[in-house]
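Asker: Going down the list, the sequences are from chains A and B.
Be aware that the first sequence starts at 1, since it is given in my numbering, and climbs by one per residue.
Be aware that the second sequence starts at 1001, since it is given in my numbering, and climbs by one per residue.
Think of the hints as simulated: they come from the structure by calculation, not from any bench.
The structure displayed is predicted, hence computed values, not measured ones.
Any given hint could turn out to be false.
Facing chain A, according to a computed beta carbon distance under 8 Å, are these residues of chain B, among others [said to hold, decoys possible]:
| id | residue |
| --- | --- |
| 1 | 1026 |
| 2 | 1029 |
| 3 | 1033 |
| 4 | 1042 |
| 5 | 1068 |
| 6 | 1072 |
| 7 | 1103 |
| 8 | 1110 |
| 9 | 1133 |
| 10 | 1137 |
| 11 | 1138 |
With a cut-off of at most 25 Å between alpha-carbon atoms, the simulated DMTMM-like pairs for lysine to aspartate or glutamate come out as follows [to be verified]:
| id | chain 1 | residue 1 | chain 2 | residue 2 |
| --- | --- | --- | --- | --- |
| 12 | A | 76 | B | 1131 |
| 13 | A | 193 | B | 1061 |
| 14 | A | 3 | A | 276 |
| 15 | A | 3 | B | 1131 |
| 16 | B | 1038 | B | 1018 |
| 17 | A | 193 | B | 1024 |
| 18 | A | 76 | A | 38 |
| 19 | A | 35 | A | 184 |
| 20 | B | 1109 | B | 1156 |
| 21 | A | 3 | A | 48 |
| 22 | B | 1109 | A | 363 |
| 23 | A | 47 | A | 2 |
| 24 | B | 1038 | A | 99 |
| 25 | A | 35 | A | 161 |
| 26 | B | 1038 | A | 184 |
| 27 | A | 309 | A | 363 |
| 28 | B | 1150 | A | 12 |
| 29 | B | 1150 | A | 276 |
| 30 | B | 1038 | B | 1016 |
| 31 | A | 76 | B | 1024 |
| 32 | A | 3 | A | 20 |
Note that the Cβ used here is the ideal one computed from N, Cα and C, for glycine as well.
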Amino acid sequence: MDKPLTGALRDDRRPLTLAEYRSAGGYRGLQQAIKNLDPEGVLQQVKDANLRGRGGAGFPTGIKWSFMPRGVGAPKPRYLICNADEMEPGTFKDRLLMEANPHLLIEGMAIAGYALGASIAFIFLRGEYTRAAAHLQRALQEAYDEGCLGSNILGGPFSMELYLHTSAGRYICGEETALINALEGRRANPRTKPPFPQVSGLFGQPTVVNNCETLCNLPAILAEGAAWYRALGRHEDAGTKLFAVTGNVRTPGLWELPMGTPIAEIFEQCAGGMAEGYRLRGFQPGGASTDFLLPQSLELAMDYDVIGKAGSRLGTGSLILLDDRTCPVAMVQNLTHFFAQESCGWCTPCRDGLPWAEQLLTEIDAGRGRPEDLDTLLDLCDQAGPGNTFCALAPGAAAPIQSALRLFREDFDAHIARGSCPYHD
Amino acid sequence: MHLGPELSPLERQEIEAECAHYPERRAAAIEGLKVVQKHRGWVSDGSLQALAELLQMPVGELEGVATFYNLIFRQPVGRHVILLCDSVCCWIKGRDDLNRRLCQRLGIKPGETSADGQFTLLPTVCLGDCDRAPTLMIDHQQHGNLTPEKIDRLLDQLQAPGGEDG
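Chain A on its own, in the form it takes in the complex (with noise of 0.2 Å):
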């Protein structure tokens, strides 16, 4: 199978140096792009390929950045910025990329910049990945030393300079409007939309934010071709996509599959099945800020339509599995207390909200809940789903309480009936 995000890595994960990526095939899409097309062809391509946003939201990149103002008369300079602040729990895919092969996010920028005529990039690091932030700073300058950044990349017309902003840990800055106000040196508060930052970004000028694996696609897809890439794809979507799988399973691991893969093939060939005495009670498909599904969902394909459609999101790819010997109510007072720690504070059904729906969790787990609460937990979920705060953080707190209450309420109802925790005996 074509691995257009993995297949040039080495079995030990020590990152490609240029020649080396270079020797895999690296840097020929570049190549083609700045050789053979105008921007406008690359913008083109990329739509052609149908590569959806792999940051959670599978918005189409190549309808992200037409809103973006290009040509003659359009305001300079414009930025464009690889949003790398993986911090959503049971995500760890950019991680991969940037340590085992930082060239391919290079290339991936470089393709990007040149399609929006941005002439200054940066790559928004989470803090904690010391090790990518090394690699990628190594890179960065062997990328400048051969031309493959810089002024007249490639020998052609087109210039970018690229900086490694490395942040200081706040899921927040993952929200691309969060991120533009932490690389102005401002607290990081979503901003109001619109204008969206196509239009009036970073330092107020145009600005496109794209996810670390979405910009690594681009070198295959201009290197083998928008028709290529599709066909990778084994249902609707495109491409391929890096899924991960958490829990107590034989082999956590992460793996790069077609898009469309079925669940079970994740969750049965490439994580090995449940570990020796666990049975598969439900999972989150996407990472923290997904709606729980059971396990009849297993037959689904990973698509951003077909695991909507169930109730959920794709969202990041990243599977967490929710085991019969793990209580359910813990697991979301667990994942309640991440959302409702890293909300920045601007919007009021999010600053109070979850910190009460933590409370109120932390209390049924303790066996201490009341009937009422229940109720109480769902009204929060309603007050902090979507159009009700400036950013997706709310309603992605929301998204496992709301469906825990749902699949597992007997667990809910246990906990409250018997005033202790079932799974603590």
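Given the structure of chain A, go ahead and fit chain B onto it with the hints provided.
Answerer: Same frame as chain A, now just chain B:
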């Protein structure tokens, strides 16, 4: 470390290099805070004031940035900072047992520094190493697939005379 509140020439040089990437000096706020912390272990009121002046931004706004981030320390920390993941994958795989062992060995609660000033234990959000859960990070070094016994070995190494960087 015996640095006064004013920034050292080396700190200024490193911060200026970051400022050069941006059209506004304040955009180097996080990098500036990290430079100060790298040299001093934490960010004191005096350092905050000096950095705000260098970045030409109000000190209150820089404080708003500094306190926003999990990894910027506005009070002194121990020689080694232990970040123990408390997110869902590590929790499922028994991070609470690791927490108990760490607290017991160091004689502190999460968020505290040991009496000898050697260790600060901080719960942290997902470290993005979930296939090796449960995990923690000590001084920028990540450790995975942990058990309470492995915690003992890690602490033994760090506490040994002449061990690690001691």
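Asker: So which of the earlier hints does this model not fit?
Answerer: 4, 7, 8, 11, 12, 14, 19 and 27
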